Amino acid sequence: MRIPTLLHLSLLLLLTMLGQAGAQFPRQCATVESLRSGMCCPDYFPVFGPGTDRCGVSTGRGRCVPVTVDSRPHGPQYIHDGRDDREQWPIRFFNQTCRCNGNFSGYNCGSCRPGWTGPTCSQRISIVRRNLLDLSAEERNRFVNALHQAKVTVHPDIVIATRRREEIFGPDGNTPQFENISIYNYFVWSHYYSVRKTFLGAGQQSFGGVDFSHEGPAFVTWHRYHLLQLERDMQNMLQDPTFGLPYWNFATGQNTCDICSDDLMGARSNFDVSLISQNSIFSQW
Numbered sequence: 083m084r085i086p087t088l089l090h091l092s093l094l095l096l097l098t099m100l101g102q103a104g105a106q107f108p109r110q111c112a113t114v115e116s117l118r119s120g121m122c123c124p125d126y127f128p129v130f131g132p133g134t135d136r137c138g139v140s141t142g143r144g145r146c147v148p149v150t151v152d153s154r155p156h157g158p159q160y161i162h163d164g165r166d167d168r169e170q171w172p173i174r175f176f177n178q179t180c181r182c183n184g185n186f187s188g189y190n191c192g193s194c195r196p197g198w199t200g201p202t203c204s205q206r207i208s209i210v211r212r213n214l215l216d217l218s219a220e221e222r223n224r225f226v227n228a229l230h231q232a233k234v235t236v237h238p239d240i241v242i243a244t245r246r247r248e249e250i251f252g253p254d255g256n257t258p259q260f261e262n263i264s265i266y267n268y269f270v271w272s273h274y275y276s277v278r279k280t281f282l283g284a285g286q287q288s289f290g291g292v293d294f295s296h297e298g299p300a301f302v303t304w305h306r307y308h309l310l311q312l313e314r315d316m317q318n319m320l321q322d323p324t325f326g327l328p329y330w331n332f333a334t335g336q337n338t339c340d341i342c343s344d345d346l347m348g349a350r351s352n353f354d355v356s357l358i359s360q361n362s363i364f365s366q367w
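Each residue of the sequence shown is one higher than the last, beginning at 83 in my numbering.
Think of the hints as simulated: they come from the structure by calculation, not from any bench.
Please note: incorrect hints may appear among the correct ones.
As the list claims (entries may be wrong) - Using 20 Å as the maximum straight-line C-alpha spacing, the simulated EDC-like pairs for lysine to aspartate or glutamate come out as follows:
no., residue 1, residue 2
1, Lys279, Glu249
2, Lys279, Glu313
3, Lys233, Asp216
4, Lys279, Asp254
5, Lys279, Glu169
6, Lys233, Asp345
7, Lys233, Asp344
8, Lys233, Asp163
9, Lys279, Asp163
10, Lys233, Glu221
11, Lys233, Glu249
12, Lys233, Asp322
Claimed, not checked - Between beta-carbon pairs, the in silico distance windows are:
no., residue 1, residue 2, range
13, Pro148, Asp354, 51 to 61 Å
14, Gln205, Asp354, 41 to 51 Å
15, Asn256, Phe332, 48 to 58 Å
16, Val355, Phe251, 10 to 20 Å
17, Ala333, Ser208, 36 to 46 Å
18, Gly285, Gln360, 17 to 27 Å
19, Pro148, Gln360, 49 to 59 Å
20, Val147, Gly200, 20 to 30 Å
21, Val277, Pro148, 26 to 36 Å
22, Ser204, Ser343, 39 to 49 Å
23, Arg118, Glu220, 35 to 45 Å
24, Tyr307, Ser208, 16 to 26 Å
25, Phe301, Phe281, 17 to 27 Å
These numbers were taken from a predicted model, which means no experiment stands behind them.
We put the CB at the ideal spot given by N, CA and C, even for glycine.
Given only the sequences and the hints, what does the whole structure look like? Please build it.
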């Protein structure tokens with residue numbers, strides 16, 4: 083894998099990027115029926131058959147409601163109104179989704195908000211976020227192995243759309259264009275999808291004048307939620323609700339990369355300075 087010239091401030095985003103545009107959806111909503119109806123309100127525990135417990139309504143977890151979008155006009159920086167699937171997300175695909183009550187969360191209100199756990203999401207749980215460089219050799223190994231596991235484990239709940247909205251049903255008009263994605267790749271993909279250029283049509287140059295993730299007031303809060311989502315996915319994968327992503331204080335290394343070692347993010351190859359050492363598991367990515 084190529085080592086970037088400048089390290090991204092986020093520890094984990096420096097490892098990989100995906101190159102195809104698309105979007106991400108709950109697996110249960112990636113069907114012809116859901117897309118045609120505009121409803122993405124999956125059941126939580128449908129004892130009495132499909133559609134009887136949308137968003138966990140039977141136990142008060144949530145309910146299926148119309149999507150409310152911000153109808154205010156874009157600023158002058160974005161001049162392509164109506165050309166991008168991300169505008170007023172997710173209204174181009176779904177106009178009804180789950181709204182969860184209390185500490186319930188997730189696409190079907192089947193999980194808990196960060197910081198909460200238990201059957202009714204009423205138990206507080208503290209996650210310790212440690213300095214990556216303070217981890218012991220064993221802890222570093224567990225963390226790196228967990229990242230690799232996330233890289234190769236198919237996300238159980240999410241699929242990605244490989245076509246834009248007007249092409250989502252495929253050439254035959256009845257085959258939704260979705261693919262599986264791994265847990266870690268979903269983390270990278272969702273960030274990429276939020277910042278990619280606006281497609282303006284075949285033969286036209288895509289518009290890249292606006293960055294929807296970094297050039298706006300949601301920069302800090304969105305990225306924090308983004309990392310919390312990866313952390314939650316990895317907790318579920320590891321079946322360990324106490325797992326916490328460590329942090330990296332990138333200032334401590336000054337002009338050197340103090341996490342670029344084979345027991346962490348990978349040292350530089352002795353044979354090709356643009357590659358990661360073959361002794362690092364990340365060289366397989």
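Do the hints match the structure? See the list:
Using a Cα cut-off of 20 Å, the hinted pair lysine 279 and glutamate 249 holds, with the two alpha carbons roughly 18 Å apart. About 27 Å separates the Cα atoms of lysine 279 and glutamate 313, which puts this hinted pair outside 20 Å; it is violated. Note on lysine 233 and aspartate 216: the hinted pairing is violated, with a Cα-Cα distance of about 24 Å set against a maximum of 20 Å. At roughly 28 Å between alpha-carbon atoms, lysine 279 and aspartate 254 are farther apart than 20 Å, so this suggested pair is violated.
For a cut-off of 20 Å, the pair hint linking lysine 279 to glutamate 169 stands: about 13 Å separates their Cα positions. Between lysine 233 and aspartate 345 the CA atoms are separated by roughly 17 Å; this keeps the pair inside 20 Å, and the hint holds. The straight-line distance between the Cα atoms of lysine 233 and aspartate 344 is roughly 17 Å, inside the 20 Å bound, and the hint therefore holds. In summary, the hint linking lysine 233 to aspartate 163 is not supported, as the alpha carbons are separated by about 36 Å, beyond the 20 Å threshold.
Under the criterion of a C-alpha separation no larger than 20 Å, the hint pairing lysine 279 with aspartate 163 is consistent with the structure, at around 14 Å. Of the pairs offered as hints, the one joining lysine 233 and glutamate 221 holds, with about 18 Å between alpha carbons and a cut-off of 20 Å not exceeded. Restraint check: the Cα-Cα separation between lysine 233 and glutamate 249 comes to about 28 Å, which exceeds 20 Å; the hinted pair is violated. Distance restraint check for lysine 233 and aspartate 322: the Cα-Cα separation of roughly 17 Å lies within the 20 Å cut-off, and the hinted pair is therefore satisfied.
A beta carbon spacing of about 54 Å between proline 148 and aspartate 354 agrees with the range 51 to 61 Å that was offered as a hint. Between glutamine 205 and aspartate 354 the Cβ separation comes to about 50 Å, which falls inside the hinted range of 41 to 51 Å. A beta carbon spacing of about 49 Å between asparagine 256 and phenylalanine 332 agrees with the range 48 to 58 Å that was offered as a hint. The given range of 10 to 20 Å is broken by valine 355 and phenylalanine 251, whose C-beta atoms sit roughly 47 Å from each other.
Remark: the range hint 36 to 46 Å for alanine 333 to serine 208 is contradicted by a beta-carbon distance near 26 Å. Restraint check, glycine 285 to glutamine 360: a C-beta distance of roughly 42 Å breaks the suggested window 17 to 27 Å. The given range of 49 to 59 Å is respected by proline 148 and glutamine 360, whose C-beta atoms sit roughly 53 Å from each other. Separation of valine 147 from glycine 200 is about 25 Å and conforms to the stated range, judged on CB atoms against 20 to 30 Å.
For the pair valine 277 and proline 148, the supplied restraint of 26 to 36 Å holds, since their beta-carbon distance comes to about 28 Å. Checked against the hint of 39 to 49 Å, the pair serine 204 and serine 343 passes, with Cβ atoms roughly 42 Å apart. At about 51 Å, the beta-carbon gap between arginine 118 and glutamate 220 misses the expected band of 35 to 45 Å. Between tyrosine 307 and serine 208 the beta carbons are some 19 Å apart, a value that agrees with the proposed interval 16 to 26 Å.
Checking the proposed 17 to 27 Å range against phenylalanine 301 and phenylalanine 281 shows it holds: the Cβ atoms sit about 23 Å from each other.
Taken one by one, the earlier hints fail for this structure at numbers 2, 3, 4, 8, 11, 16, 17, 18, 23, listed in ascending order.
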